[in-house]
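Engineer: Given next are the chains, with one letter for each unit.
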Amino acid sequence: MPAPDRRTFLLQTGKLLVLTASAAAAWDYVMAGEPDQAPGYDAAAHWWAMVIDVERCIGCGLCVRACKTENHVSLEPDCFRTWVERYEIDPDDPDHPHVTSPNGGYDGFPPLTKDGVKTFFVPKLCNQCADAPCVQVCPVGATFQTPDGVVLVDKDYCLGCRYCVQACPYGCRYIDPETHTADKCTLCYHRISRGLKPACVEICPTGARSLGDLKDPNDPIHEFLRTHKVHVLKPQMATHPKTFYNGLDGAVR
Amino acid sequence: MARFSSYEHLLRLAALFVVGIALFAGLRWLLVPADYGLIGPYRASALTQNQAHSIVYAGRLACRECHSDVADALTTNAHASVGCESCHGALAAHAGDPGVAAVRPDPRATCAGCHVPDAAKPAALKTVNFAEHAGAESCGSCHQPHAPRP
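So the sequences go chain by chain: D and P. This note's numbering puts the first residue of the first sequence at 1, with every later residue one more than the last. This note's numbering puts the first residue of the second sequence at 1, with every later residue one more than the last.
Bound-form chain P, shown alone (with noise of 0.2 angstroms):
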């Protein structure tokens, strides 16, 4: 038992734990958010900040609300594919209040986007050289683009 007699070091070290452990408990404390690994090993309030972001483009349900005619029109022609906001732009601010304008589109630059023609287009979509097809002439003079011509 003699061996046993001095325990004086294993207290030093009991202590050194001690204060080990508790300086590892307050660092992660201090330093770990609270929302930290509720969900997964990340901070539960990134979801929420993900989610929080505004929306710009308010999509074609909001459009339909108000302008069902139009949307009625184009589900069954050949722009029945097209959002309204391809054309028209992001209109979440315009849906949310009626009294903020909606930018009118410049129809040749805006058909340009898709219709002017290109090697990698696939067939079905119509292309057309538009200095050839109407020199300076506006799209809008002839063509509709809620109702384009079969």
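Chain D with its partners taken away, still in its complex shape (with noise of 0.2 angstroms):
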């Protein structure tokens, strides 16, 4: 066999040394183990998901407002975290409904009068994927789900790059327009591992939206899937979605 040339030779040790490399981290994360999250809150015992009865909102927009509120969203045009469409179904065109959301429903919608179309309000917010798209193409490791199923940004780690906002297809990613990085819909995080509702949740006056825990035998969550014909969004995409929808017309996408 030749001697290989210097060009060869340093396209194998560069191999060499990401592949130790690869290894090393590797090695790294699997003696890791688990380690102690937050004081008095148990994230591996909790399994968060969301149900949202379509058949109960009013479009009143409140929890576009609360949202915007408690987790001090930018009041920007397209800075979402949760947001309401209202949906117009011609019965003669039902594949082409009319969607609007004028500023994501926070102001509430204008009065519709007309008849002859099937119309409704859907909420929308971040699905908190199980197999979340948004994840996987993040570089950095600044979005990442926790041991609680929620999705969640890493501001200080987010180089702002967009790959999430364009990998997410249910559009529930937005770059903050102050620290150019991506934000999205946390769950209220700081709410729920304090024993709290999200902000949507609690303030929502016809309990359209609700908070459920997956691992909690006890929760009415389980009552409510098993009763109910619950779909979720784009199940196509093979996200798994923890957004449940009651209620959801064919049309909403």
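By construction, these hints were calculated from the structure, which means they are not laboratory data. Treat the hints loosely; a few may be bogus.
Stated by the list, open to error - The calculated label-pair distances, taken between Cβ atoms and stated as ranges, are:
#1 Ala131/P with Pro139/D: 52 to 60 angstroms
#2 Arg162/D with Pro117/P: 35 to 43 angstroms
#3 Ser54/P with Lys118/D: 38 to 46 angstroms
Stated by the list, open to error - What the simulated footprint calls covered on chain P by chain D, stretch by stretch (three residues with Cβ under 8 angstroms from a Cβ of chain D suffice, anywhere in the stretch; the number is not a length):
#4 15-28
#5 50-60
#6 103-117
Unchecked claim - Computed cross-link-like contacts, DSBU-like style, restricted to lysine-lysine with a CA-CA straight-line distance of at most 35 angstroms:
#7 Lys114/D with Lys126/P
#8 Lys126/P with Lys234/D
#9 Lys126/P with Lys229/D
#10 Lys114/D with Lys68/D
#11 Lys126/P with Lys118/D
A quick note: this is a predicted structure, and the numbers were derived from the prediction, not measured. Cβ coordinates follow ideal geometry from the N, Cα and C atoms, glycine included.
Dock chain one against chain two, each of which comes alone in its own frame, and use the hints as you go.
Structural biologist: Structural data, given as structure tokens:
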């Protein structure tokens, strides 16, 4: 076998270094084990999910306002952790629903009096996917799924590359105009980890939104999911969302 | 054996390896945060940072601690599902220190937030054309939001 030239040698050495590094990183990960969580809250004991009862939503926009207040979300256009859409479906053309969401429903909706169209409100928020595309595409590990199933953003680590904004099939992410980093619904992680409900759930006047813990066998969410025909958005994307919609019309995307 | 009599180049290579690995380890130690990878492929402290945000909405359980009379009355009527802060606004500051006054909501605007007619609203929700129904009268003149008529 002839001696490798300098170029081949350097290439091979480089590959070996990279492989060694990956193996070391993987070994670190294997040896790390489970560290202690924040005191008083055992994240591994929960698996949070959201249930939205579309038939109860009245489009008042309280959730949108409460979310922005609670989480200090920018009031700039297109910065929403949750928003409400109004669907108008013409029975003659059910495949092309007219969807409006003026300022995300922040100020409610202009009254609609059209007869003959099927119309309803659909609240949207991060689906907290169990297999979240946004987590997969993040090149620096700035977005991640917590042990209790919430997809969060590490704003100190985020580069603002926007890959996750593009990857989310639900359009649930935006770039914070102040920090220029990705932002999204945290399911009010600061609230649920202290035993409170998320702000949108707390504020919803009709109980259209509810938080459930799929790991708690006594949580009423199990009964609800058993006895209702719930849907998730875009199931064909195989993201396994944990935001379940009751009474969802087939036209909703 | 004559072929292996010169090994100087191998030593140079070995040195190159050692320097490379040391450089990698050093850079990794410098650049990767200490808590990265403790739970998963992310900084463990990002969890605590997300938990550390301050609370703006106190929640109806906090309201009940002092205002149990209103809260109890609300559990049995048509506004049972309505949270206190749905109408009264964010009150964590008031719940933490009762000296911070809670703002009294403007009845008409607050009621209109839900009860203006809209074809998209579920039929179970009572809606009314405010101008026809009451003119310029305040809702509070006839209706009690804590005890709405069935």
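Engineer: For each hint, tell me whether it holds in the structure or not.
Structural biologist: Going through the hints against the structure:
{"no.": "1", "hint": "Ala131/P with Pro139/D: 52 to 60 angstroms", "verdict": "holds (56 angstroms)"}
{"no.": "2", "hint": "Arg162/D with Pro117/P: 35 to 43 angstroms", "verdict": "holds (41 angstroms)"}
{"no.": "3", "hint": "Ser54/P with Lys118/D: 38 to 46 angstroms", "verdict": "holds (42 angstroms)"}
{"no.": "4", "hint": "15-28", "verdict": "holds (count 6)"}
{"no.": "5", "hint": "50-60", "verdict": "holds (count 10)"}
{"no.": "6", "hint": "103-117", "verdict": "holds (count 4)"}
{"no.": "7", "hint": "Lys114/D with Lys126/P", "verdict": "holds (18 angstroms)"}
{"no.": "8", "hint": "Lys126/P with Lys234/D", "verdict": "holds (33 angstroms)"}
{"no.": "9", "hint": "Lys126/P with Lys229/D", "verdict": "holds (26 angstroms)"}
{"no.": "10", "hint": "Lys114/D with Lys68/D", "verdict": "holds (31 angstroms)"}
{"no.": "11", "hint": "Lys126/P with Lys118/D", "verdict": "holds (19 angstroms)"}
Hint violations for this structure: none, all hints satisfied.
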